[in-house]
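Student: Following the hints, complete the assembly by docking chain C onto the known chain L.
2 protein chains.
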Amino acid sequence: MQEIKEYIEQHKPRFLEELFALLRFPSVSADPKYKGDVLKTAEFVASKLAEAGADLVEVCPTAGYPIVYGEKLIDSSLPTVLVYGHYDVQPPDPLELWDTPPFEPTVRDGKIFARGACDDKGQFYMHIKAFETMMSTQQLPCNIKFMIEGEEEVGSDNLGQFVKDNKARLQADVVLISDTSMISMENPSLETGLRGLAYMEVEVVGPNRDLHSGVYGGAVANPATILCQMIASLHDENNHVTIPGFYDGVIELSDAEKQALNAAPFDLDEYKKDLAVDDVWGEKGYSTLERTGTRPTLEVNGIWGGYTGPGAKTVLPSKAEAKISMRLVPGQDWQRISDLFKNHFESIAPKSVKVKVTAHHGGMPYVTPVDSVAFKAAFKAIEESFGKAPVPTRGGGSIPIVALFEQELNIKTVLMGFGLDSDNLHSPNEKYDIYNYYKGIETIPLFFKHFADLSK
Amino acid sequence: MQEIKEYIEQHKPRFLEELFALLRFPSVSADPKYKGDVLKTAEFVASKLAEAGADLVEVCPTAGYPIVYGEKLIDSSLPTVLVYGHYDVQPPDPLELWDTPPFEPTVRDGKIFARGACDDKGQFYMHIKAFETMMSTQQLPCNIKFMIEGEEEVGSDNLGQFVKDNKARLQADVVLISDTSMISMENPSLETGLRGLAYMEVEVVGPNRDLHSGVYGGAVANPATILCQMIASLHDENNHVTIPGFYDGVIELSDAEKQALNAAPFDLDEYKKDLAVDDVWGEKGYSTLERTGTRPTLEVNGIWGGYTGPGAKTVLPSKAEAKISMRLVPGQDWQRISDLFKNHFESIAPKSVKVKVTAHHGGMPYVTPVDSVAFKAAFKAIEESFGKAPVPTRGGGSIPIVALFEQELNIKTVLMGFGLDSDNLHSPNEKYDIYNYYKGIETIPLFFKHFADLSK
Chain L
1 MQEIKEYIEQ HKPRFLEELF ALLRFPSVSA DPKYKGDVLK TAEFVASKLA
51 EAGADLVEVC PTAGYPIVYG EKLIDSSLPT VLVYGHYDVQ PPDPLELWDT
101 PPFEPTVRDG KIFARGACDD KGQFYMHIKA FETMMSTQQL PCNIKFMIEG
151 EEEVGSDNLG QFVKDNKARL QADVVLISDT SMISMENPSL ETGLRGLAYM
201 EVEVVGPNRD LHSGVYGGAV ANPATILCQM IASLHDENNH VTIPGFYDGV
251 IELSDAEKQA LNAAPFDLDE YKKDLAVDDV WGEKGYSTLE RTGTRPTLEV
301 NGIWGGYTGP GAKTVLPSKA EAKISMRLVP GQDWQRISDL FKNHFESIAP
351 KSVKVKVTAH HGGMPYVTPV DSVAFKAAFK AIEESFGKAP VPTRGGGSIP
401 IVALFEQELN IKTVLMGFGL DSDNLHSPNE KYDIYNYYKG IETIPLFFKH
451 FADLSK
Chain C
1 MQEIKEYIEQ HKPRFLEELF ALLRFPSVSA DPKYKGDVLK TAEFVASKLA
51 EAGADLVEVC PTAGYPIVYG EKLIDSSLPT VLVYGHYDVQ PPDPLELWDT
101 PPFEPTVRDG KIFARGACDD KGQFYMHIKA FETMMSTQQL PCNIKFMIEG
151 EEEVGSDNLG QFVKDNKARL QADVVLISDT SMISMENPSL ETGLRGLAYM
201 EVEVVGPNRD LHSGVYGGAV ANPATILCQM IASLHDENNH VTIPGFYDGV
251 IELSDAEKQA LNAAPFDLDE YKKDLAVDDV WGEKGYSTLE RTGTRPTLEV
301 NGIWGGYTGP GAKTVLPSKA EAKISMRLVP GQDWQRISDL FKNHFESIAP
351 KSVKVKVTAH HGGMPYVTPV DSVAFKAAFK AIEESFGKAP VPTRGGGSIP
401 IVALFEQELN IKTVLMGFGL DSDNLHSPNE KYDIYNYYKG IETIPLFFKH
451 FADLSK
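Residue numbers (the UniProt record's numbering), protein chains in the order written: chain L, 1 to 456; chain C, 1 to 456.
So that you can see chain L by itself, here it is in the shape it has in the complex:
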């Protein structure tokens, strides 16, 4: 591995410059106005894959944004690793809260600030650079396949079809993904689970026009008020979700599992301090780590209605809307939950308003096995490069594709993420530590080495 270390050391400046070039593309998949940029990003990723030494590099069209594929098959008797990542990013707004422009990567005390720095450009690009390193040093011990998509942040709507259509091409022994976090660089960890997601949009419509709140106020249902009442009713006083059937099938952790989970280094005071909140919030009877890692949730991601400009407008709005998403855990099916939400939300609407509910997208929850060759290889790789055994953790996020891989390709996934919870994913000033970026590039070849060895 000495050669690999040296090669990385030698090329660090270029590895960073290339990531910056990638981060300069505003590849926001949620907003159509960025379409041209998203497509350019795919082309850029493909060119870098080819430069790194991949064969059959292809920008594969889909009904939405293309999927970038590339592979290097060295020996059919060796195990094959399928690397998944996504080149699309979350919308950057609220823009005014960024200290530096979201699409002009800026380094401050060792951290790269840019939308996508960690999620997921910085993390999937580590794999391309690790691949380049293994190729250039003739130390690639496995076959490798890359599948980098452009719709992860909007629900991977077209990836399912692509996977179904390309089962042969995508065959592999493990899916390797770096799109999650570690507790810290001092406390490396390895995620063993992801939450599923059901994302809904609701519209509450009252009168057919905005009304004068003096002339009509108090006599006509105010959709903003009604929407608030409906949303408020979705949690009870213990912050349990009230949608009938919501918890059906949810698997409670055993006391042993709870103990292991809560054994992870976690400082509640630090957590509150970092977020500047006086108190945490959540489902009664569960710890913070249990709430994010093992419990389903319901969150308002956005709400709007009426006059939101400066000053005062005495209007009774015609409608009010909200984006509401639910994180799901093993035992919950995202389509069933979407239906339960829709039926419930429509059923609680008073006669004085009309309600429209649309499902945006979703994904299934997933739990990775901890006894697989691949998990052990990741464990050893991290232990070796960090000099400390990783703590198994349950992540609160969702990568819908993971469950799909298992279902369609029957391949297990390893979640070897190098981000931090404090990286401001989906927030202004998203960042990724340069240290973590290089650490990832160093660790990935170790995974390949151990995976090849343990697979023998």
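Just so you know, these hints were derived from the structure itself, not from any lab. Careful: at least some of the hints might be erroneous.
Said to hold, decoys possible - For lysine-lysine, the following BS3-like pairs were computed, each having C-alpha atoms within a straight-line distance of at most 27 Å:
#1 356/C to 273/L
#2 72/L to 164/L
#3 354/C to 284/L
#4 272/L to 351/C
#5 12/L to 40/L
#6 342/C to 319/C
#7 258/C to 284/C
#8 380/C to 412/C
#9 342/C to 319/L
#10 284/L to 351/C
#11 380/L to 5/L
#12 72/L to 439/L
#13 284/L to 273/L
#14 354/C to 272/L
#15 273/C to 319/L
#16 284/C to 351/L
#17 273/L to 351/C
#18 258/L to 273/L
#19 272/C to 319/L
#20 273/L to 319/C
#21 273/C to 356/L
#22 272/C to 351/L
#23 273/C to 351/L
Note that this is a predicted model, so its numbers are computed, not measured.
Tutor: Just chain C, lined up with the frame of chain L:
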């Protein structure tokens, strides 16, 4: 009065053109970006007052937008009428719901569509044209003073000081205002009351940044969810406002008053049909006319927080905000209600969020005497020009200045409005019927005649 009729008939086209010119100024007082236009509007109004024959026309500076003053004092032994109106308008948004541009007046089946067509440009300009008519026909029977302000839609913050500083100049026997509605042209009415107003803005702040709803969801209070819960708690299951002390001092109508109020022509099915709602909403135990005319209310005028763009963003927002206003009735003091709201709203905030409450502005409720000379004159004027006695009604809107006049100048007000509830005040496609505009110009001189006669 024949000459007056003829003069109006003769100049109708010009009267309309001048109103159009006035409506083309986007005099939105709430939004600083229109500042230049608001100031131009004041100049325009002043020039028209002078042209109509007013003396001492002045654009009086204030800490905010100027107040246009003008007068014609013909004989100190005659009664004096102080005409109040406002040249500022509500913001036009949501712009996409306008069928024609808000500041390009357009006539469709006899109606003028434009922001301010009815509220209040169309209505106060009737007085300037009626004044011109009385002057040109040598039939002005009273002294007249005009005070047209530019901040009514944002709470008349600087009018109070102006009135205090100009008590002598503003002395009059009655304040005449056309800024309210009639039931219909077939059922003329005369408003005898106005609701007060307390307008608040609230901000609920959770974590110090937008968070990934997967990584933190379920473990950190979501300000949008909390705001909804707090707003929902402001009404009980009978739609009574739950703020402690909110109803203190509210005067219940006597059965006789209720009967008179509910005797006004009102068709609930028509009302629902016009608004396209399946059911009305409101405080249990009161009719629709009682709810808007005699009961205090609490309305959400606007709400916003989190991601409101296209598609899905899985964010747990850092904060959520709302504009909330309350309409007040006799017995309620707007400053006291603002304080009650602030204290209550802050008191119900959970420890997991921080709450900021600011009072925008307010005004006192008002009930006009129905036995005054001025009220009788207005009654007779309407009866004469409409050929039908007006029905006394209680309006739901607010004109904060009315209570101020009484307090500072000790002058009663007559609310002789010619608008319709269906004029879309504060809404897209605000309109004013050309018929009503001319009808008003014909009726106003009758008021002056009767007021002069009855005052003898």
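Student: Would you list, in rising numerical order, the hints stated earlier that this structure does not obey?
Tutor: none
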